[in-house]
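K.L.:
Here my numbering is used: the first residue of the sequence shown is 8, the next is one more, and so on.
Derived from the structure by calculation, the hints contain no laboratory data. Incorrect hints may appear among the rest.
Unchecked claim - So the derived label-pair ranges between C-beta atoms look like this: (1) 325 - 178: 47 to 55 Å; (2) 213 - 52: 24 to 32 Å; (3) 284 - 78: 26 to 34 Å; (4) 151 - 57: 30 to 38 Å; (5) 213 - 103: 38 to 46 Å; (6) 78 - 58: 48 to 56 Å; (7) 37 - 284: 39 to 47 Å.
Even for Gly, the Cβ is constructed at its ideal location relative to N, Cα and C.
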Amino acid sequence: METIKILVTGGAGFIGGNFVQYMVNKYPHYHIYNLDALTYAGDLLKHRDIEKKENYHFIQANIIDRKRIFSIFEEFKFDYVVHFAAESHVDRSIQDPEIFVRTNVLGTQVLLDAVKQYGVTKFIHVSTDEVYGELDLDPHTFFTEESPLQPNSPYSASKAASDLLVRSYYETYQIPINITRCSNNYGPFHYPEKLIPLTILRVLNNRKVPIYGDGKNIRDWLHVMDHCQALDMILHQGKIGEVYNIGGHNERTNIEVVKTIIKRLGKSENLIEFVPDRLGHDKRYAINPSKLEKLGWKPFYTFETGIAQTIQWYVDNKWWWERFDL
């Protein structure tokens with residue numbers, strides 16, 4: 008059997024890390040190469056259960072290091088690339104946009120140039136629904152793959168720019184690509200600067216939970232394992248050149264999410280602390296994933312089952328998160 012080599016960039020992060028574990032365990036005959044710069048949100052402890060498996064390999068490198076990336080492509084001759092590596096925290100992008108442009112735009116270009124030179128069967132660019140901007144509060148409106156890109160933060164602008172770069176390399180150089188745009192992910196190994204893990208860990212430690220503005224901003228929540236299964240399907244069945252939206256059909260306001268977590272952990276809503284709203288805070292995101300569902304994908308988790316599983320994971324895995332400054 009021919010060995011399939013898959014490069015996963017950002018495989019020490021949250022979504023990329025879950026995808027690495029999913030692929031290593033599901034496809035023992037594939038070789039999964041986890042490339043990560045190990046910035047503040049990168050973490051290899053999460054891979055302690057797979058790090059000794061013969062089909063898992065770790066490479067420490069930064070995607071903006073052109074010489075290093077090209078040498079890695081030259082050495083390993085990857086069949087597929089699944090590109091997660093990105094700066095992703097909106098608050099940090101407001102404070103320092105430059106690192107987002109450097110990693111998300113220039114880093115993506117380096118990878119595309121390597122793919123162009125060395126060739127792969129498919130390059131999957133993992134993006135975000137935030138590139139579409141914000142929706143109004145009409146529950147009948149959704150982002151589709153044809154929605155215009157109207158990013159409202161430096162983070163989402165950098166992701167939109169990288170999306171357009173990927174598209175241009177497909178149109179100009181015929182590089183085989185897919186672009187995926189997902190709604191907000193949650194689940195195990197989520198770095199605790201994001202809403203759901205921060206809330207769970209603050210509540211477990213009886214500390215105040217900050218909520219921006221009035222807490223009525225709406226997000227469509229997708230369990231990270233549903234995202235991994237969607238990417239698996241797109242990798243193997245997605246039509247070259249196409250964009251696929253990945254959403255969970257789970258719209259909730261931020262305050263609903265926080266109150267759900269507090270209730271499940273049996274704590275008081277007095278832990279909630281409203282703080283001044285974030286600059287450029289989008290009101291609502293919601294995805295229509297029907298294009299992907301026609302390939303046969305549908306989410307396994309409802310928000311209720313997914314948040315229960317996630318909360319229990321954090322309760323059971325203090326070894327992973329107790330080292331973070333919360």
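K.L.:
Evaluate the given range 38 to 46 Å for the C-beta pair formed by residue 213 and residue 103.
P.N.:
violated (32 Å)
K.L.:
At the C-beta level, are residue 78 and residue 58 separated by a distance inside 48 to 56 Å?
P.N.:
Taking Cβ atoms as reference, residue 78 and residue 58 lie about 23 Å apart, which means the hint is violated.
K.L.:
Falls inside 39 to 47 Å, the C-beta gap from residue 37 to residue 284?
P.N.:
holds (44 Å)
K.L.:
Within 26 to 34 Å: is that where the Cβ-Cβ distance between residue 284 and residue 78 falls?
P.N.:
violated (46 Å)
K.L.:
Is 24 to 32 Å a correct range for the gap between the Cβ atoms of residue 213 and residue 52?
P.N.:
For residue 213 and residue 52 the Cβ distance comes to about 25 Å; the hint holds.
K.L.:
So the hint says 47 to 55 Å: do the beta-carbon atoms of residue 325 and residue 178 match that?
P.N.:
Because 49 Å falls inside the window, the suggested range holds.
K.L.:
Given a hinted range of 30 to 38 Å, is it respected by the beta-carbon distance of residue 151 and residue 57?
P.N.:
holds (36 Å)
Of the numbered hints stated above, those contradicted by the structure are hints 3, 5 and 6, listed in ascending order.
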